[in-house]
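In the order they appear, the protein sequences are chains A and B.
In this text, residue positions in the first sequence follow numbering that gives the first Met the number 0: the first is 0, and each later residue adds one.
In this text, residue positions in the second sequence follow numbering that gives the first Met the number 0: the first is 0, and each later residue adds one.
Hints are supplied without guarantee of correctness; some may be wrong.
Claimed, not checked - Calculated lysine to aspartate or glutamate pairs in the EDC-like style (CA-CA distance at most 16 Å, straight line): (1) B:Lys260 - A:Asp136; (2) A:Lys169 - B:Asp179; (3) B:Lys64 - B:Glu150; (4) B:Lys60 - B:Glu170; (5) A:Lys46 - B:Asp179; (6) A:Lys161 - A:Asp119; (7) B:Lys60 - B:Asp113; (8) A:Lys129 - A:Asp58; (9) A:Lys129 - A:Glu151; (10) A:Lys169 - B:Asp182; (11) B:Lys198 - B:Asp182; (12) B:Lys30 - B:Asp94; (13) B:Lys60 - B:Glu165; (14) B:Lys211 - B:Glu150; (15) B:Lys272 - A:Asp141; (16) A:Lys46 - A:Asp136; (17) B:Lys33 - B:Asp47; (18) A:Lys169 - B:Asp173.
To be verified - Computed Cβ-Cβ distance ranges for the label pairs, DEER-style: (19) B:Asp111 - A:Pro160: 18 to 24 Å; (20) A:Ser56 - B:Glu209: 54 to 60 Å; (21) A:Asp141 - B:Ala282: 19 to 25 Å; (22) A:Gly82 - B:Asn84: 26 to 32 Å.
Source of the hints: derived by calculation from the structure; they are not laboratory data.
C-beta atoms are modelled at their ideal positions from N, C-alpha and C, and glycine is treated no differently.
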Amino acid sequence: MKRRILPALLCAALTISATPSVLAADKKDDKPKDDAIAEEIPGDPAKFFLFHLEGVSADQVRGDLVYCISQARPIISMRDRMGSTGGLIGAMINARMGEIDRFRMRNAAMRKCMGMMGYDRYLVPEDMWKVVVNEGDIVLDDNALVDIDVIERMVAFASGPKPAGERLPK
Amino acid sequence: MIGSFKKAFALSLAIAALTAQPAYSAEKAKKVPKIKLETLKPGKIKLDNRLGYVLVRLGPKAADKNPALSVGFSRIDGATNAPFNFVTMNDIPKDFWRTSSVGINPGRSFGDVDGTGIYYVGFYPGRWVIGGVGQTCMSLGTYSFDVKQGEVTDIGTLLVARENGEAGVPELKDAKLSQDLADFGTMVNIVMSEALYVKPASNTPALPAELKAMPVVKATLTPDHRLDNSCASLINRAASLPPLGHQSPMTRDEAVAALAKMNPPERVEAARKRAERAKAVAATKK
């Protein structure tokens, strides 16, 4: 049976990297130089990204996103499949690490799925990403639910104008 | 009086035990061996006439950065072409779990052909899909095929490798993740997916003597069979399939309906209660 030990308790103890965000809000109008981007976007490219495809309709993106999210959502990690040792503390550490693993694996699955359908991946400023994704990730929110509002914001980004951020490898 | 009752009770128990023994033995003699879907071992072949056998060439052989990978198969409902959908536990046929999945682990093979090992594996008759490779679910597109009782079904060659660009076979040379994913992790790379390339059967190798009486049938591999990610793992699409196209477009309402099926109701309810509690706390603070 899947092990999901105390993830809710541990959410409070998350130490999400609180890098100061010095980010240009309107990059689309005033694109900074390449070296300035590196300084201004200290975010993790494995986390702070969104998908975009030139000339795609909002309905098409929605269909593609819902399909890929349905594929990525059930992912559990090796830690979830194996028992934990070390008592309560061990279980708590394992649960937190399992959560990170699931997040990374879901991201990898989304990259695979959306990438196969031709979407490009763009680095997005951390604060902008948080506005779009609302603290969860691109698949699940903090309640481990798929949020239609997050999907709608990702749809707007994906079908909108070409992002100013760096295009990342798929 | 009590003593004689005890004696009579003891005697009746003894008689019951004695008379029950032959019936038990008869039942034991009639006991049907359990179905085991196993890879046949050279020199130790035991066939089960309730099964069909799948002939598969699996490779490439393990190399430095590419360990030998197992391949998982799942039996699906031939009528719906989808996974079996049992409404209640009582609907699940006896021994279903013994007959619904097969794993092939590379090991001692019945010979080599073009760098792949030849394996014969017992399959329960029905429709099957190549479900996964290693830790990866081939849910974005795989192949299905039928297995019939008393036949050897040749499903061709399965080339499998990690997506690190070092598969060592031309068919999987493009199976390479972005460098950040390929280099992820220190001890275990949890985001490393595995690739599958399927080549339909061409020449059938010489069968072991025990299987020679069975007809050999080249499987009709139905391409682009899509699955849910029921293995809850990383996902991929067989590299031998055409590229994954766009999905059906969706309106917002259609997406909301799709999410209603996706989100577990108990989690939705828990989230609603949490939001209510947070609102109440915020109100008291004001």
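Tested hints:
no.	hint	verdict
1	B:Lys260 - A:Asp136	violated (20 Å)
2	A:Lys169 - B:Asp179	holds (10 Å)
3	B:Lys64 - B:Glu150	violated (37 Å)
4	B:Lys60 - B:Glu170	holds (14 Å)
5	A:Lys46 - B:Asp179	holds (12 Å)
6	A:Lys161 - A:Asp119	holds (10 Å)
7	B:Lys60 - B:Asp113	holds (10 Å)
8	A:Lys129 - A:Asp58	violated (23 Å)
9	A:Lys129 - A:Glu151	holds (14 Å)
10	A:Lys169 - B:Asp182	holds (14 Å)
11	B:Lys198 - B:Asp182	violated (29 Å)
12	B:Lys30 - B:Asp94	holds (14 Å)
13	B:Lys60 - B:Glu165	holds (12 Å)
14	B:Lys211 - B:Glu150	holds (10 Å)
15	B:Lys272 - A:Asp141	holds (14 Å)
16	A:Lys46 - A:Asp136	holds (8 Å)
17	B:Lys33 - B:Asp47	holds (10 Å)
18	A:Lys169 - B:Asp173	holds (13 Å)
19	B:Asp111 - A:Pro160: 18 to 24 Å	violated (55 Å)
20	A:Ser56 - B:Glu209: 54 to 60 Å	holds (58 Å)
21	A:Asp141 - B:Ala282: 19 to 25 Å	holds (21 Å)
22	A:Gly82 - B:Asn84: 26 to 32 Å	holds (30 Å)
Going through the hint list in order, the structure does not satisfy hints 1, 3, 8, 11 and 19.
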